[in-house]
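J.: Generate coordinates for the entire structure from the input sequences, incorporating the hints supplied.
Numbering-wise, numbering that gives the first Met the number 0 puts 290 at position 291 of the sequence shown, and it's gapless, one number per residue.
Everything labelled a hint here was simulated from the structure, so no lab data went into it.
Please note: incorrect hints may appear among the correct ones.
[What the hints assert, rightly or not] Once the Cα atoms are required to be at most 30 Å apart in a straight line, the calculated BS3-like pairs of lysine-lysine come out as:
hint, residue 1, residue 2
1, Lys-356, Lys-215
2, Lys-284, Lys-438
3, Lys-344, Lys-356
[Unchecked claim] Distance ranges between label pairs, derived from CB positions:
hint, residue 1, residue 2, range
4, Asp-392, Asp-351, 40 to 50 Å
5, Val-160, Ala-423, 40 to 50 Å
6, Leu-45, Ile-399, 34 to 44 Å
7, Asn-54, Pro-375, 40 to 50 Å
8, Asn-54, Lys-192, 21 to 31 Å
9, Asn-141, Asp-392, 20 to 30 Å
10, Asn-188, Asp-392, 38 to 48 Å
11, Leu-397, Asn-188, 27 to 37 Å
Don't be surprised by glycine CBs; every beta carbon is placed ideally from N, CA and C.
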Amino acid sequence: MTGFLIYWNRIYPNLREACSVLGATALFINIAILYKNFDFTQAGYLIEFGKFVENIPFAFHVEPLGLLFALIASGLWIPTTFYAIGYMRGNNEENQTRFYICFAVSIAATMGLAFSANLLTLFVFYEILTLSTYPLVTHKGNAAAKAAGRKYLGILMSTSVGFLLLAIMWSYSLTGDLEFRSGGIFTGNVDNKTLVILYTLFIFGLGKAALMPFHKWLPAAMVAPTPVSALLHAVAVVKAGVFSVMKISIYTFGIDTLNSSNASVIIMWVAAATILLSTLIALSKDNLKARLAYSTISQLSYIVLGAALATRLSMVGGSLHIAMHAVGKITLFFCAGAIYTATKKTEISDMDGLGKKMPLTFFAFFLGACSIIGLPPAGGAWSKFYLMMGAADAGAQLMIAVLIISSLLNIAYLMPIPIRAFFAKGPEGSTPFKWSRIKEAPSFCLIPLCVTALGSLAISFAVPSLLNFIQEIFP
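T.: Below is the structure:
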């Protein structure tokens, strides 16, 4: 509906953008009401719209994990929408109506994926999300954007059709069932070797989770406008990938099945390798968005690792990290876009002294970085704590070491950015632009990043409530 309203008001920019804001707000209010009134004593709400085949409906089910993901995505959609308005206007971007329509379709696909009642419904919305974000990745229309779009679409579609759809069809042939249910659908009727192959196909098929070697679409997509980067990294696309990893691990396989079959061991090691390798690559990047992109690849693998460790605590940590990383990383990308809007600078080495001109932006970056690193009292400290406890519970001491080393490296590639901005000498007199004219980005960019930066701290106080909610996911 929001997309139609945006198109209807395409010649009136203020009305068009008001429709986008109102649509985002209305969605969040509805999800918040569902969250507040959710009854754990019931099986959840199930809605069917026809059937794919006789016993596989096109259906939606409101359950705790999906509801939590929907709450995070719809909540962050509001500041992302305001930020997009400031960024698109501040940089005089073209094709803004198409941009906002694709934004609306993307969040609709994300909600459909969050509430999918079975694997086939999830697959449909997973593909819709890929297709609706493709025009956003290629928004600029230049050669670099088109090349990035080809890589984006090529990797995500080939993995989903080649691996994910194959795993879904194979699962149906083995069980006659694709429903998401507590304990999973593999109840002793499938041998361990098959389960290992199936789980590997499922996780690699979810290319949006950006496990190596299927990660290159993500840094390539950084040619897109920064609001799209925020969409890709914090709100919808990559979070849809890791959410699907968690949902399939919990509701298709089940913790007990993963443990008894060792089905997730291969993915555990792949996730650990992705965490460390992408962190090291991030250290080598001078371009701010590229550094943040490889940071995202690393942080996503924290969540995949939490699923692959297959303990109750690791699953809790992975579910928490979806929320904590979303709020922290969206702040960092908002800051990157604000810096570009105000100065047209993209390289970290060119940002010395900018903190004196843009103190709110760089202090917000510092707060977001604290959450990504896991420094108390930022929210990321809680999710990393539970991930480490889950690794200890699984007897995987090497995975604890991976998490600690990665967190230390997070400090090395994130903290120099605000430190250089605040304490290094500015390049006054040595650059072609007027140093004295630099100031904070427009308020539509500045206010959302301040809100999400404070949110990365405030979410710590919501952890007890979130834990109570997440723990209801597990039998």
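J.: Next step is simple, just say for each hint if it's right about the structure.
T.: Quick rundown of the hints versus the structure:
Between Lys-356 and Lys-215 the alpha-carbon distance is near 34 Å, which puts this suggested pair outside the 30 Å criterion. Straight-line distance between C-alpha atoms of Lys-284 and Lys-438 comes to about 26 Å, which keeps the hinted pair within the 30 Å bound. The straight-line distance between the Cα atoms of Lys-344 and Lys-356 is roughly 13 Å, inside the 30 Å bound, and the hint therefore holds. For Asp-392 paired with Asp-351, a C-beta distance near 45 Å keeps the hint of 40 to 50 Å intact.
Taken as a hint, the range 40 to 50 Å holds for the pair Val-160 and Ala-423, whose Cβ atoms sit roughly 48 Å apart. At about 39 Å, the CB distance of Leu-45 to Ile-399 agrees with the hint of 34 to 44 Å. Asn-54 and Pro-375 have their C-beta atoms about 49 Å apart, which keeps the hinted 40 to 50 Å range intact. For Asn-54 and Lys-192, the hinted distance range of 21 to 31 Å is satisfied, since their beta carbons lie about 27 Å from each other.
Checking the proposed 20 to 30 Å range against Asn-141 and Asp-392 shows it is violated: the Cβ atoms sit about 49 Å from each other. A hinted range of 38 to 48 Å is violated for the C-beta pair Asn-188 and Asp-392, which are about 28 Å apart. Range check, Leu-397 to Asn-188: about 33 Å between beta-carbon atoms, so the 27 to 37 Å window is met.
Hint compliance for this structure: hints 1, 9 and 10 are not met, and every other hint is.
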